[in-house]
Amino acid sequence: MTIDNLFALAACALIGIGIYGLIAQPHPLRKLIAFNIMGSGVFVLFGALAKRGASAGLAADPVPQALLITAIVVAFAATAVTVALMLRLIEVSDSASLSESAPSPDRRDR
Amino acid sequence: MIAPVVSMVVVALLLWLAVWSVVAHDAFLAVAAFVVYGLLLALVWVRLAGIDVALTEAAIGGGLTGALLLGAVGRLRRTEAALSTEHAGTGTRIAAALLAVGVAGGLMIAVTMLPEQPPTLAPLVVPALPATGVGNPITGVLLAFRALDTLLEAIVLVIALIGVWSFGPDHAWGGRPGPRYSADPNGMLAYLARVLPPLGIVIGIYLFWAGADHPGGKFQSATILAAMWMLVQMAALADTPRTDRNILRAGIVVGPLVFIVVGVFGLWTAGAFLGYPDGWSKPLILLIEMALLPTLVLVLALLMNGPATRKAVP
Numbered sequence: 001m002t003i004d005n006l007f008a009l010a011a012c013a014l015i016g017i018g019i020y021g022l023i024a025q026p027h028p029l030r031k032l033i034a035f036n037i038m039g040s041g042v043f044v045l046f047g048a049l050a051k052r053g054a055s056a057g058l059a060a061d062p063v064p065q066a067l068l069i070t071a072i073v074v075a076f077a078a079t080a081v082t083v084a085l086m087l088r089l090i091e092v093s094d095s096a097s098l099s100e101s102a103p104s105p106d107r108r109d110r
Numbered sequence: 001m002i003a004p005v006v007s008m009v010v011v012a013l014l015l016w017l018a019v020w021s022v023v024a025h026d027a028f029l030a031v032a033a034f035v036v037y038g039l040l041l042a043l044v045w046v047r048l049a050g051i052d053v054a055l056t057e058a059a060i061g062g063g064l065t066g067a068l069l070l071g072a073v074g075r076l077r078r079t080e081a082a083l084s085t086e087h088a089g090t091g092t093r094i095a096a097a098l099l100a101v102g103v104a105g106g107l108m109i110a111v112t113m114l115p116e117q118p119p120t121l122a123p124l125v126v127p128a129l130p131a132t133g134v135g136n137p138i139t140g141v142l143l144a145f146r147a148l149d150t151l152l153e154a155i156v157l158v159i160a161l162i163g164v165w166s167f168g169p170d171h172a173w174g175g176r177p178g179p180r181y182s183a184d185p186n187g188m189l190a191y192l193a194r195v196l197p198p199l200g201i202v203i204g205i206y207l208f209w210a211g212a213d214h215p216g217g218k219f220q221s222a223t224i225l226a227a228m229w230m231l232v233q234m235a236a237l238a239d240t241p242r243t244d245r246n247i248l249r250a251g252i253v254v255g256p257l258v259f260i261v262v263g264v265f266g267l268w269t270a271g272a273f274l275g276y277p278d279g280w281s282k283p284l285i286l287l288i289e290m291a292l293l294p295t296l297v298l299v300l301a302l303l304m305n306g307p308a309t310r311k312a313v314p
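From first to last, the protein sequence lines are chains A and B.
If you read the first sequence in our numbering, its first letter stands for residue 1, the second for the next number, and so on.
If you read the second sequence in our numbering, its first letter stands for residue 1, the second for the next number, and so on.
Quick caveat, the hints were computed from the structure, so don't treat them as lab data.
For each residue, glycine too, the CB sits at the ideal point set by N, CA and C.
Incorrect hints may appear among the rest.
[Unchecked claim] Between beta-carbon pairs, the in silico distance windows are:
| no. | chain 1 | residue 1 | chain 2 | residue 2 | range |
| --- | --- | --- | --- | --- | --- |
| 1 | B | ARG249 | A | SER55 | 44 to 52 angstroms |
| 2 | B | HIS214 | A | SER55 | 16 to 24 angstroms |
| 3 | A | SER55 | B | PRO283 | 36 to 44 angstroms |
| 4 | B | VAL202 | A | SER55 | 35 to 43 angstroms |
| 5 | A | LEU85 | B | VAL202 | 31 to 39 angstroms |
| 6 | B | ILE159 | A | SER55 | 34 to 42 angstroms |
| 7 | B | ILE2 | A | LEU85 | 40 to 48 angstroms |
| 8 | A | SER55 | B | PRO185 | 50 to 58 angstroms |
[As the list claims (entries may be wrong)] So the derived list for chain A, only partly shown, Cβ under 7 angstroms to chain B, looks like this:
| no. | residue |
| --- | --- |
| 9 | LEU14 |
| 10 | ILE23 |
| 11 | ILE33 |
| 12 | VAL42 |
| 13 | GLY47 |
| 14 | ARG52 |
| 15 | VAL73 |
| 16 | ALA80 |
| 17 | THR82 |
| 18 | LEU85 |
| 19 | LEU89 |
| 20 | VAL92 |
| 21 | SER93 |
Bound-form chain A, shown alone (with noise of 0.2 angstroms):
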């Protein structure tokens, strides 16, 4: 097994591990943690695959690590616009639940 594979197979690790806990995790801080780290998983994984691609002199292929630049700056992007959102949730009805059946107290628009 060669160090690129190891990775490869760590990656799928990772996104298992994210998959479970964005289902598991009731509270949504929780599920944007464990969906960043799903995410991470993917990009390693399409790393580990750059990895392989290596040749014509250069250590790696450039195209996939260009993109996951693009990726990683999109996905802080979405993880920041996530973290406004679960905020305003919590200040316009005092709760984080994702639960329907949840006690929402006195909605009040502020």
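Position chain B relative to chain A; hints supplied.
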């Protein structure tokens, strides 16, 4: 001989931190594990020969995302206790675990069945790179061969900022985001916020300039510059900016606008959107990068600041 052992230790730590940040009881511990995870991920990128990706991951994936989540966890603290009674049922947990194992297992099987001769675009990039005038293949891909992706990314960032801003209360629209920080004006933080920014600005601009031929570039540079601005804000040396200032808004959109103008210019002179005429690629790439830098610095910092919460006092 030592390299495989280091890789295995890094992978083991990475998986352990990932599990911990998913199952930890305390949200703060989960975020702390995630920050360390992000920094460790940068090491993985070094091992995968992606120095540019490693710099981006350390700066944005670990640094900015970690800081953002740390800020959120403090404000979500009081909701955590109420939610601790809310548990996913055993059935949901088992189903989630089965789904996770299924997806991970399927991907692992796919990884072991990859073709011996991996597909690669590197042989296409290397001979075409001299025509772009930049020496770093990643920068070449980002701003010449796949410039459309970078343009759309800049637009996504601006849209994300509009999204964050629109989560603020109506009465504060155009005001200043977040609380006004207070800090001891003679304290350590204020001292660091005076000493570090000059160094950070020089390092940031160096990374920006070096990105043409060496690892680095506008994203890594913009993160450092944005971090310096955040430091000054947190040390209460400057307030967060008013989001209705025209110059701020102009700085936010200048990058994508210049990018689009250069793209249309290419349509006219080189026959393709974002095409660069012969001999013009280096100056045009430089123009785009210089226009994108203020956009990236402002958007990254303002995404960290969040929506406006205080009406600006005129």
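Taking the hints in turn, this is what the structure says about them:
no.	hint	in the structure
1	B/ARG249 / A/SER55: 44 to 52 angstroms	holds, 45 angstroms
2	B/HIS214 / A/SER55: 16 to 24 angstroms	holds, 21 angstroms
3	A/SER55 / B/PRO283: 36 to 44 angstroms	violated, 31 angstroms
4	B/VAL202 / A/SER55: 35 to 43 angstroms	holds, 37 angstroms
5	A/LEU85 / B/VAL202: 31 to 39 angstroms	holds, 37 angstroms
6	B/ILE159 / A/SER55: 34 to 42 angstroms	holds, 37 angstroms
7	B/ILE2 / A/LEU85: 40 to 48 angstroms	holds, 46 angstroms
8	A/SER55 / B/PRO185: 50 to 58 angstroms	holds, 57 angstroms
9	LEU14	holds, 5 angstroms
10	ILE23	holds, 4 angstroms
11	ILE33	holds, 5 angstroms
12	VAL42	violated, 9 angstroms
13	GLY47	holds, 5 angstroms
14	ARG52	holds, 4 angstroms
15	VAL73	holds, 6 angstroms
16	ALA80	holds, 4 angstroms
17	THR82	violated, 9 angstroms
18	LEU85	holds, 6 angstroms
19	LEU89	violated, 9 angstroms
20	VAL92	violated, 9 angstroms
21	SER93	violated, 10 angstroms
The earlier numbered hints that this structure contradicts are 3, 12, 17, 19, 20, 21.
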